[in-house]
Structure formats: structure tokens, C-alpha cells
Amino acid sequence: DAKTTQPNSMESNEEEPVHLPCNHSTISGTDYIHWYRQLPSQGPEYVIHGLTSNVNNRMASLAIAEDRKSSTLILHRATLRDAAVYYCILRALNTGFQKLVFGTGTRLLVSP
Amino acid sequence: GAVVSQHPSRVICKSGTSVKIECRSLDFQATTMFWYRQFPKQSLMLMATSNEGSKATYEQGVEKDKFLINHASLTLSTLTVTSAHPEDSSFYICSARVSGLPEKLFFGSGTQLSVL
Numbered sequence: 001d002a003k004t005t006q007p008n009s010m011e012s013n014e015e016e017p018v019h020l021p022c023n024h025s026t027i028s029g030t031d032y033i034h035w036y037r038q039l040p041s042q043g044p045e046y047v048i049h050g051l052t053s054n055v056n057n058r059m060a061s062l063a064i065a066e067d068r069k070s071s072t073l074i075l076h077r078a079t080l081r082d083a084a085v086y087y088c089i090l091r092a093l094n095t096g097f098q099k100l101v102f103g104t105g106t107r108l109l110v111s112p
Numbered sequence: 113g114a115v116v117s118q119h120p121s122r123v124i125c126k127s128g129t130s131v132k133i134e135c136r137s138l139d140f141q142a143t144t145m146f147w148y149r150q151f152p153k154q155s156l157m158l159m160a161t162s163n164e165g166s167k168a169t170y171e172q173g174v175e176k177d178k179f180l181i182n183h184a185s186l187t188l189s190t191l192t193v194t195s196a197h198p199e200d201s202s203f204y205i206c207s208a209r210v211s212g213l214p215e216k217l218f219f220g221s222g223t224q225l226s227v228l
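Sequence lines, in order, name chains A and B. Counted from 1, the first sequence has number 62 at position 62 by our numbering; the numbering is strictly sequential. Throughout, our numbering is defined as the position within the second sequence, counted from one, plus 112.
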């Protein structure tokens, strides 16, 4: 799978929007952009995924650049519970999404 | 959403003993399960891919004789750490794919293994 680059950490205040960036300049046409997050002492959980168009769900929004070389996970109103490590991962459709390989992720700190 | 139950959540054992960790998909059939380990302050490292009814596929550098994986049914996979040593102390996490929904993985809550 192609590599992604994320900042090591970001800080936010509660109830403010958070934009978590991810660079993936070597993305291929069959790569989907996935986001997972891991709360402290828990297993990861799925957040959102997309291919070309922006995506919204109850947890977050995913904004994908037109050239697909970068994307941004948007949390519209951060809560203390959103403090976690967020992983941006590329997964290839042509391999049937066989496995999920985690990078280092972005640790999001949320202050009251 | 789909639920993956992992048990036990925490285990302490003596060096040289074996420990079994169970991973169950509670409300769906998981044809494929994945096992990860995570050291403190580090990311998850994929150990192996487990397909129901067949031998697990291990990632490079993971000892298959030390980390025994069994996926005998569509709802249960087990990881046995054999002859555990202190360096095996880690957070072990399983995940499962839902048949027909390959784009999402569902994760267990993890098992913290401490080997004394």
C-alpha cells in the first residue's frame, strides 16, 4: 500500500472544529483513503473512507483534494472523547482490501 | 455496528507459560481476522492474517511457532503465545472483516499481556 504522512500531534479546544491533514502523494487510482482512530487503551475504530468525492457521516467529514494527493479529516466540534490517535491509511481495492497497515498517525489532544 | 469481542482484556503470566487470546465476532461471520500487536507509544503492527479453515499468513519477522493462530469457525479466532517471555509483553488486538463489507474492519478492545 502507498505511504501516508501525518503530523505527529495536534491540539484543539473542545467544541472547536479540527482539521487533520494527511498527505499521500503516491496514491494510485485504486487506493481508497481510510481513517481509523484509536482511543486510549482500546482497539481502533473505523471513522470514514472515500475514493474521490468528499464524504460525510455521523462521526466526521472527509475532504479529498482534487488530485487525491492529500486529504483532511474534519471533526466539526471536537469533544474530549475525540482525543485519540487518528490514522490515515490507503487501501487498494484491487487487492480486495486485504489488510490494514497502520502508520504512526496523529495524536489529537483536546482541551476543555 | 458489528461487534468483535476479545478476551481476556488483561492477562499476567509467568515466563515460559502459554497464553491464549480469543477473538469472537458476535453478530456477523468473519471470514478473515487479523492479529496486531502494539507496544507502548507505538503504532499497531500487523502480525498475521487468519482465514477461516486455513492456515494463517504471518507477516515477515513474526514467528509462526511462537504465535499460534487458529481460525476454526467463522466467529472465532484464537492467538496463543507459546512459551511467553517478558519481551512478548504487549497489547494484542484482533480485527475482523465482515463478509460483503470488505472496506471496514472491526476491532476488539485488545488484550494487555504482561509476562513476568
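Everything labelled a hint here was simulated from the structure, so no lab data went into it. The structure displayed is predicted, hence computed values, not measured ones. Each residue gets a CB set at the ideal place from its N, CA and C atoms; glycine is no exception. Worth double-checking, as some hints may not be accurate.
Below, simulated BS3-like cross-link-like pairs (lysine-lysine); rule was C-alpha separation at most 27 Å, straight line [claimed, not checked]:
{"id": "1", "chain 1": "A", "residue 1": "Lys69", "chain 2": "B", "residue 2": "Lys216"}
{"id": "2", "chain 1": "B", "residue 1": "Lys126", "chain 2": "B", "residue 2": "Lys178"}
{"id": "3", "chain 1": "A", "residue 1": "Lys99", "chain 2": "B", "residue 2": "Lys126"}
{"id": "4", "chain 1": "B", "residue 1": "Lys132", "chain 2": "B", "residue 2": "Lys176"}
{"id": "5", "chain 1": "B", "residue 1": "Lys153", "chain 2": "A", "residue 2": "Lys3"}
{"id": "6", "chain 1": "B", "residue 1": "Lys153", "chain 2": "B", "residue 2": "Lys178"}
{"id": "7", "chain 1": "B", "residue 1": "Lys216", "chain 2": "B", "residue 2": "Lys126"}
{"id": "8", "chain 1": "B", "residue 1": "Lys132", "chain 2": "A", "residue 2": "Lys69"}
{"id": "9", "chain 1": "A", "residue 1": "Lys99", "chain 2": "B", "residue 2": "Lys132"}
{"id": "10", "chain 1": "B", "residue 1": "Lys126", "chain 2": "B", "residue 2": "Lys153"}
{"id": "11", "chain 1": "B", "residue 1": "Lys126", "chain 2": "A", "residue 2": "Lys69"}
Here are a few chain A residues that face chain B, going by a calculated C-beta distance under 7 Å [stated by the list, open to error]:
{"id": "12", "residue": "Asn8"}
{"id": "13", "residue": "Ser12"}
{"id": "14", "residue": "Pro44"}
{"id": "15", "residue": "Tyr46"}
{"id": "16", "residue": "Leu100"}
{"id": "17", "residue": "Phe102"}
Not close to chain B: a few residues of chain A, all C-beta gaps over 10 Å, as computed [stated by the list, open to error]:
{"id": "18", "residue": "Thr26"}
{"id": "19", "residue": "Gly29"}
{"id": "20", "residue": "Glu45"}
{"id": "21", "residue": "Ser53"}
{"id": "22", "residue": "Thr79"}
{"id": "23", "residue": "Leu80"}
Can you list which hints this structure breaks, lowest number first?
3, 7, 8, 11, 12, 13, 20
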